[in-house]
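Protein chains in written order, with this note's numbering: chain A, 1 to 285; chain B, 286 to 649; chain C, 650 to 938.
Calculated directly from the structure, the hints in this document are not laboratory data. There could be a bad hint or two in this list.
Lysine-lysine pairs mimicking DSSO-like chemistry, simulated, CA-CA at most 30 angstroms apart [said to hold, decoys possible]: (1) C:LYS809 with A:LYS179; (2) A:LYS179 with C:LYS786; (3) C:LYS750 with B:LYS310.
These are the residues of each chain, in order.
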Amino acid sequence: MKTRKRKNRLPALAQAGPVSVWMVLFVTVPMLFIIYISFMTRGTFGGVEYKFSTASYQTLLNVMYFKVIAKSFKVAAFTTVLCLILGYPFAYYIARKPPEKAGKLIMLIMIPFWTNSLMRLNAWMLLFQTKGPVNNLLLALGLISAPKTFIYTDWLVTLGLITSMLPFAILPMYSSIEKLQKSMLEASADLGAPPAKTFWRVTLPLTFPGIFSAIILTFIPALGIYTVTDMLGGGKVLYIGNIIKNQFGVIRNWPLGAVCSCCCWPSPRFSSSSTPGFPRSRTWR
Amino acid sequence: MGVLADSIVSLRHVEKWFGENHVVKDMNLEIRQGEFLTLLGPSGCGKTTTLRMIAGFEDVTSGTIEVQGENVQTKEPYQRDVNTVFQNYSLFPHMTVFDNVAYGPTIRKVPKDEIKKRVTEMLSLVQMTGYEKRKPDALSGGQKQRVAIARALINNPRVLLLDEPLGALDLKLRKQMQVELKRLQKKLGITFVYVTHDQEEAMTMSDRIAVMRDGVIEQLGNPMDIYQHPDTRFVADFIGESNLFDGVVKFVMGNQLAILTPSGMITAVGEGFEAGEEISVSIRPEYLSVSREPGDGYELLAHIKDFIYMGTVVKTSLELENGQEIKYSRFDPDESLHEGDEVFVHWDPLKSVAIHTQKAVTPV
Amino acid sequence: MEKNKKLRRQKTVRFFGDFYAVLMYAVFYIPVAVMIVFSFNDAPRNYYWQGFTTGWYAKLFSFANTSLISALWYSLVIAILATVISVVIGVLGGIGLRKFKFVGKQFINMNIYVPIIVPEIVLAVAMLIIFMTLGVKLGMGTILIGHCTFCIPYAVVTIKGRISGDNETLQEASMDLGANRLQTFFRITIPSIMPGILSAAFLSFTLSIDDVVMSNMLAGARQSTLPVLILSMNRTGITPDTNALTTVMIAVMVLGLLCVNAVQKHRQKKEAAAIAESEAAISAARSNV
């Protein structure tokens, strides 16, 4: 006797279909292609010649490129660490507030980031110009005798990176800290641990997922961003992002650009197992 | 086993597998028009799954389900003439109470003034008049429950399915709602199929109870039958409190049985037992008697472990010679008994129930 | 004595906490303040302060700076289109990926995180290569595709985070009451995740309108988006009317935020009033019984 009704596949197709198709078309295919290209040779007039070669990878080992890549990683790492150190206390501070207030505080963090990021970077430039407010203030206070050159330095670029990336560190950490149950801390205190020990042994480990998300959301964009270096470094500071851009713009060495991109590309295993603690209800309303 | 004329829901040879799990095994059940039938059992026994199959949220792996004589397996939930009251009420949070209750008729494009009339009727039926404009998050558990019931009943279903609807309420409210639900059912004459794991609840409300375990109905009958004459050891243990003795039949005299158990020789009454058979005997705590002196029938030696004063009854725990613990209950405390006392325990054999250890179950 | 010590310690901790928070906010808001201030700078390009003027706003609102205005328009159109497309696909996807099981689901899930995790430039380059190899002309279409590709994952993640198991029972309840799948979707599913949908829309819009990397790499020769225009201005110095424009933009957004807040407060008031109203009705009903 007929027992089961026909399984209606239409809802599944209509809902999960478009996103799947899009992802495969515009993410999977391009990504695979870029790996493919990185093993091809550079065409005589630019572009690609479809001949297998590892020349581009070998170019990477060239000291000059290598230096730039190493530097990019170093700066990104430094930025990440600083964002974590500076961001965690702030995330903690907000998480301790009652939910209503915490929501508002988070919203206050987000508002500046609704402004155009480039304009904000430009603002930092204006602050640290040779004739700018910072120099003027330092001169007035007598701390320096002549205006210092801040612009176009590594230092400024790092500052720009940190200020740009901080919210990406703060949000996931806040999300994680907020989930921490107060009763855990109380239990720890009850069992005899002073606040510092409680933090080290209970709070920190339990909020690690948020920290991990923060690391991913900070380090990786910091690697690939060339806008910061462009705006604040003026072409004198060269990071991997800039190189990639140049390969496709001015220099037209696609395979090399592809190779550099592959350097920035972390294992997808990171992505699916740790959900970035991204904007939750109260943060984005 | 024919089909009863007034059977409104029929399940025949219904099987349900979830992957490797055999959740419902060859279930046969005829639910009668107008009755309050409860599927009772512990977690995982398949009662909720069965309900969901009737509602249409789960497909049957094999077998048939008929509602009012029609096979409903090919029908989607919205095509079946049954409505469900969900465990966590499932009120639509973005709609007011009025809109929630009006949902069914709205979908069926009933005219607006007719809807208004029916909603008002329903709300007064469940005593929620005046709450029309509120949203579910402004209601208490019990209030949400009533709205959920109104929302289901407004569609005049032939059968109302209730999936542990009172689980989240506190005791007093739950008992109150049990009575109200029963009254409502009687008043409307609709068939209620109720799922719960609370046997007291089942006993209070049901016309018939289907006691389920591991995907099988172990016994189907009215509350009194199930309580007084449990068919299986599990039913005896699950319903009410019971003292269970496992043993071997030593001799049979008519319907009197003498059974040898690890705690001693005991008597019971039952038909169709043979000497040498392994059986279980169930005796309810309220049917035990306790005395200081040995009597002239079969009895067991025990000493008193402790008393629990429950308000309505006093429960005494007794430990038998072989370590088995039994319970004895009475309405008021016996001042002459103290902890550690040695007493003799006996009972009227007519009040005990002999149960075959392996019982084939064929309820209808 | 001990109690005083403890109270004082708590006070100092709280003070430092507040101080640190203020410092943080300062770091975030100083660039914004500087940006706004320099929109009043009386200089052809923003290098340093040369005097106060509101002339730039006048110039802005007279639409004289055509490249700026057309870039703004271009960015807006792309952002709106990207938001609509991304929200539709992303919301459907978020719901569907959660509910259904199918072959390759894990794979698609992984892919969704790629645009979030991977530096935008890698994604941009990959798409650029594909487009150029296929000979697709770069322009609004390619930029739009690029924007959607990183907006959709954010939409999916946002929605996924909002749907709880509760949602499934709501859908069952709806179907139980006679609504078919389509009706359930529009009457129940979508309204109950509306906050999530709005979040996703807002997020997509913000990401799109602020995007530099993707817009830069996938742009056609003729028109650029607003951020790309600003980037190109950096070499020669940014004109203060750009500051004026971005100031206006943020002002509009903050205004929008305040409006939404006001609407929410109003709605809360209405609900409280409804509750009060029903209290009256209930006691009336009771006294009639």
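A quick look at each hint next to the structure:
1. C:LYS809 with A:LYS179: holds (18 angstroms)
2. A:LYS179 with C:LYS786: The given pair, whose Cα atoms are some 48 angstroms apart, is violated under the 30 angstroms limit.
3. C:LYS750 with B:LYS310: Status holds; Cα separation ~26 angstroms.
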